[in-house]
Amino acid sequence: MTISIGQLEERKKTLAEDFNTISKRIQDSEKELVTLRNNRNALAGALQQVNLFLQEE
2 MTISIGQLEE
12 RKKTLAEDFN
22 TISKRIQDSE
32 KELVTLRNNR
42 NALAGALQQV
52 NLFLQEE
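Counting the sequence shown from 1 gives a position; our numbering is that position plus 1.
If you're looking for bench data, these hints aren't it; they were derived computationally from the structure. It is possible that part of the hints are untrue.
[What the hints assert, rightly or not] DSS-like, lysine-lysine: derived pairs with alpha carbons at most 30 Å apart: (1) Lys25 <-> Lys14; (2) Lys14 <-> Lys32; (3) Lys13 <-> Lys25; (4) Lys32 <-> Lys13.
Remember, predicted model here, so these are calculated numbers, not experimental data.
Start from the sequences and build out the full structure, keeping to the hints where you can.
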């Protein structure tokens, strides 16, 4: 059984598409992680502020 040039080119195209898809998903996940960290920091700041208000009473 031999592999034709056409089969190799088709496989290369599929692999490149998969690579690009995974790269995009990684990029999107990294952006989401930044957003989640920012939200966590905002919540930590809000908790800190509430604790300060509670201590002032």
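Quick rundown of the hints versus the structure:
| no. | hint | verdict |
| --- | --- | --- |
| 1 | Lys25 <-> Lys14 | 17 Å, holds |
| 2 | Lys14 <-> Lys32 | 27 Å, holds |
| 3 | Lys13 <-> Lys25 | 18 Å, holds |
| 4 | Lys32 <-> Lys13 | 29 Å, holds |
Figure legend: structure checked against the earlier numbered hints; every hint is met.
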